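There are 2 protein chains.
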Amino acid sequence: MRATGIVVEYNPFHNGHLYHFQQSRLKTKSDIVIAVMSGNFLQRGEPALVDKWTRTKMALAAGVDIVIELPYVFATAQASDFAKGAIYLLDALKCTSFCFGSEEGSLNAFHHTYDLLSTKKADYNAAISNLIKQGISYPKALNEAYKLISAHSTIPLVDLSKPNNILGYHYIEAAHNLQAAIKPETIQRVVSNYHDDVKTNETIASATGIRKALFEEQALAPVQHFLPNTSYNELVTWKEHQQAFGSWEQFWPLLRFTILRHSKAQLATFSEVTEGMENAIWNAAHKCETFVEFMHSIKSKRFTWTRIQRMLTHIYTGFTREQLKQFNLPTYIRPLGMSKNGQAYLQSIKKDLQLPLISRVAASKGNDMLELDIKVTNLYYLGLQTTTSQKLIGNDYRTIPIIR
Amino acid sequence: MRATGIVVEYNPFHNGHLYHFQQSRLKTKSDIVIAVMSGNFLQRGEPALVDKWTRTKMALAAGVDIVIELPYVFATAQASDFAKGAIYLLDALKCTSFCFGSEEGSLNAFHHTYDLLSTKKADYNAAISNLIKQGISYPKALNEAYKLISAHSTIPLVDLSKPNNILGYHYIEAAHNLQAAIKPETIQRVVSNYHDDVKTNETIASATGIRKALFEEQALAPVQHFLPNTSYNELVTWKEHQQAFGSWEQFWPLLRFTILRHSKAQLATFSEVTEGMENAIWNAAHKCETFVEFMHSIKSKRFTWTRIQRMLTHIYTGFTREQLKQFNLPTYIRPLGMSKNGQAYLQSIKKDLQLPLISRVAASKGNDMLELDIKVTNLYYLGLQTTTSQKLIGNDYRTIPIIR
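Sequences listed follow chains G and Z, in order.
When we follow the working numbering, the leftmost residue of the first sequence carries the number 248, and every step to the right adds one.
When we follow the working numbering, the leftmost residue of the second sequence carries the number 248, and every step to the right adds one.
Simulated from the structure, these hints should not be mistaken for laboratory data.
Since the structure is predicted, the reported quantities are computational estimates derived from the model, not experimental observations.
Be careful, since some hints might not be right.
Copies of one chain are not kept apart here, so a pair can be met inside one copy or by any two copies together.
Below, in silico cross-link-like pairs of lysine-lysine (DSS-like), each with a Cα-Cα straight-line distance of 25 Å or less [claimed, not checked]:
{"#": "1", "residue 1": "Lys511", "residue 2": "Lys622"}
{"#": "2", "residue 1": "Lys380", "residue 2": "Lys511"}
{"#": "3", "residue 1": "Lys511", "residue 2": "Lys572"}
{"#": "4", "residue 1": "Lys367", "residue 2": "Lys387"}
{"#": "5", "residue 1": "Lys638", "residue 2": "Lys546"}
{"#": "6", "residue 1": "Lys274", "residue 2": "Lys341"}
{"#": "7", "residue 1": "Lys612", "residue 2": "Lys534"}
{"#": "8", "residue 1": "Lys534", "residue 2": "Lys638"}
Start from the sequences, fold in the hints, and give me the full structure.
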């Protein structure tokens with residue numbers, strides 16, 4: 248059986264994801280599609296709308312064959328580490344290819360860009376440092392430095408100001424650095440703008456747009472036509488049972504408490520909290536009563552919104568820079584769910600796997616990376632702060648991979 | 248002006264406190280009564296029912312002349328350190344005497360007991376160690392060892408199985424150890440049993456009984472006749488504004504989150520968390536959905552309920568054993584409120600004070616002990632988890648001593 252891999256968050260699984268996943272299967276002529284999916288905290292530094300099990304159900308219902316959890320360490324890291332963790336897992340799972348959505352759509356442009364930046368690495372890095380010193384954010388500096396380096400290029404290159412192009416570039420870079428056997432492939436995204444608001448005459452919108460509509464309207468109906476029915480029904484069921492969706496607004500009382508419980512010096516020990524941001528965070532948390540107010544108070548040109556949110560994620564979960572240093576690559580493969588075909592595929596490759604395949608977490612005491620996943624899952628449920636969500640503590644010990 | 252000192256928590260201020268305070272003034276023939284009062288966390292390891300400002304108002308309304316905050320470091324410490332901090336402050340405030348309520352009622356018995364235990368210190372300590380090794384709690388071991396040492400004594404001694412006698416003993420010991428000029432005095436308590444339930448045909452009940460009735464009945468009326476009207480009115484006003492009283496049940500979501508956010512090894516760094524209690528606390532917090540269930544799950548013969556609650560207090564506030572080591576004696580005098588007479592008294596002794604008199608905390612950056620008081624005050628308000636209580640963050644910066 249031939250397998251392709253995709254890297255996803257499915258927050259929530261929508262029609263655009265469905266398109267990407269179906270095209271990935273077609274384009275790579277694969278029998279099996281394996282999704283490496285973030286757990287309950289995401290790369291944008293946010294708690295997921297619904298937990299990883301519910302998002303796994305959405306993916307399986309849409310036809311994804313296997314969902315593997317991307318450990319917290321990578322799921323909430325900056326793009327290069329996020330990509331490294333995901334591609335490493337897909338390669339470990341013997342995928343022939345991985346297939347990412349991009350604004351660009353042509354793989355050649357990615358290869359050219361990778362070759363250009365590898366050749367001019369020193370110049371590129373010098374330009375980035377220089378731009379950061381001028382006080383602009385890291386992603387902006389990357390993009391500006393890239394423009395400088397690529398100014399006189401005559402071959403087609405990727406526009407690295409687009410978010411999915413950036414991620415795609417990191418996937419390709421990761422595959423190179425890992426010397427992985429897995430081959431990249433890309434599909435053009437059908438939604439042109441990542442942050443677009445939802446438009447009522449279309450059936451595809453970005454997850455960001457869908458979440459925004461959902462929180463602004465405080466209702467599910469307005470986003471229904473952007474989602475497969477199975478996804479929509481999972482959201483409805485979740486809302487009925489948990490009474491709340493995951494968001495920083497919902498988690499704010501616990502986040503604020505956690506910030507106020509620490510000194511500025513302690514805040515500076517958490518992953519990604521650097522360059523005095525502990526002061527801004529500490530001061531603003533004392534003054535601001537809502538998360539939005541708090542974010543607007545600490546936002547600066549220096550850091551992107553998502554980078555700041557990742558700082559907050561690590562403060563919330565108590566994840567320090569020292570801890571991060573202990574981890575390099577994923578140490579286990581943890582399936583969250585699979586189809587019958589997916590199950591057969593895993594059986595067929597099982598004996599050749601270099602990493603342990605973990606279906607029951609109770610059997611894996613002493614694995615720090617996995618214990619961290621279990622811990623942050625608990626902190627996610629507590630963050631929802633509803634009567635039912637409190638009952639989900641320890642859920643990772645009780646839940647085995649979903650078979651569909 | 249002649250001043251006497253009392254050590255109080257006023258949680259809440261009730262008729263028994265009124266009697267003790269009035270008798271203290273009479274017995275010591277003092278013009279001024281100064282109460283050293285715990286802030287928002289108490290020696291029993293609990294959040295206070297209402298905040299320190301409200302309890303200060305109750306005390307001033309009843310006629311107490313000056314209320315001084317006992318810093319968190321001492322207010323939530325074991326009895327000997329609690330007593331040391333309190334007596335040191337009253338001595339620093341030039342009180343001629345301090346006057347404590349006791350089951351015993353005779354000062355001579357305390358002096359005899361102190362002399363006996365000082366003389367037989369080595370035997371006493373050996374007996375305590377020996378008893379603790381047999382797995383009984385520290386306070387029980389103290390009492391049993393004391394019985395052994397005092398078995399053949401013919402002079403009247405204090406019964407150290409009674410909670411107020413124990414505290415009284417520690418006050419006297421503290422005064423000796425500090426070589427303080429201040430002289431002890433005692434008054435017999437009119438409620439014989441500290442943990443008595445409230446009795447409807449009486450007007451004096453213990454604070455424990457009052458709190459119990461208040462939480463069980465979920466109403467204020469049943470405790471009204473145990474409180475001066477001014478105290479009762481303060482409780483009513485607090486309830487109207489804050490919608491909740493401070494209790495571990497109320498704080499439990501934040502406490503549980505904090506426990507689950509830490510590893511067992513991290514829990515063991517907090518003050519008083521020793522002898523593997525981090526394991527019991529961590530395990531139980533994963534399983535138990537209510538505070539009562541949690542406490543019953545971790546209670547053992549080894550530790551008293553209050554000792555365990557103090558562990559939880561320090562976990563909640565993030566106060567470590569390492570931090571505790573930095574502190575020895577109070578480094579400031581912080582009045583929370585005073586009468587006109589109290590104000591005149593403070594004016595009269597001001598120039599002779601060895602400690603800074605702090606009315607505005609903003610002026611005292613860099614004082615770790617004071618910053619801790621401000622921090623735990625904020626964490627207290629967040630613990631109430633109501634809309635109005637969130638607005639009280641930073642209250643210590645905005646509130647100046649109450650003048651009545």
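Status of each hint after checking the structure:
In this homomeric assembly, Lys511 and Lys622 come within 25 Å of each other (Cα to Cα) both inside a single copy, at 24 Å, and across copies, at 12 Å. With identical chains, the CA atoms of Lys380 and Lys511 are at most 25 Å apart within one copy only, with a shortest distance of 24 Å there and 41 Å across copies. Taking the shortest Cα distances, Lys511 and Lys572 sit within 25 Å of each other both inside one copy (21 Å) and across copies (20 Å). For a Cα distance limit of 25 Å, the shortest separation of Lys367 from Lys387 inside one copy, 18 Å, qualifies, whereas the shortest one across copies, 74 Å, does not.
Taking the shortest Cα distances, Lys638 and Lys546 sit within 25 Å of each other only across copies (23 Å), while inside one copy they are farther apart (35 Å). When the C-alpha separation of Lys274 and Lys341 is checked against a cutoff of 25 Å, the pair qualifies only within one copy, where the shortest distance is 18 Å, while the shortest distance between copies is 86 Å. Proximity of Lys612 to Lys534 under the C-alpha cut-off of 25 Å is restricted to the inter-copy arrangement: shortest distance 18 Å between copies versus 41 Å within a copy. Taking identical chains as interchangeable, the C-alpha atoms of Lys534 and Lys638 lie at most 25 Å apart only when they sit on different chains, with a minimum of 9 Å there against 32 Å within one chain.
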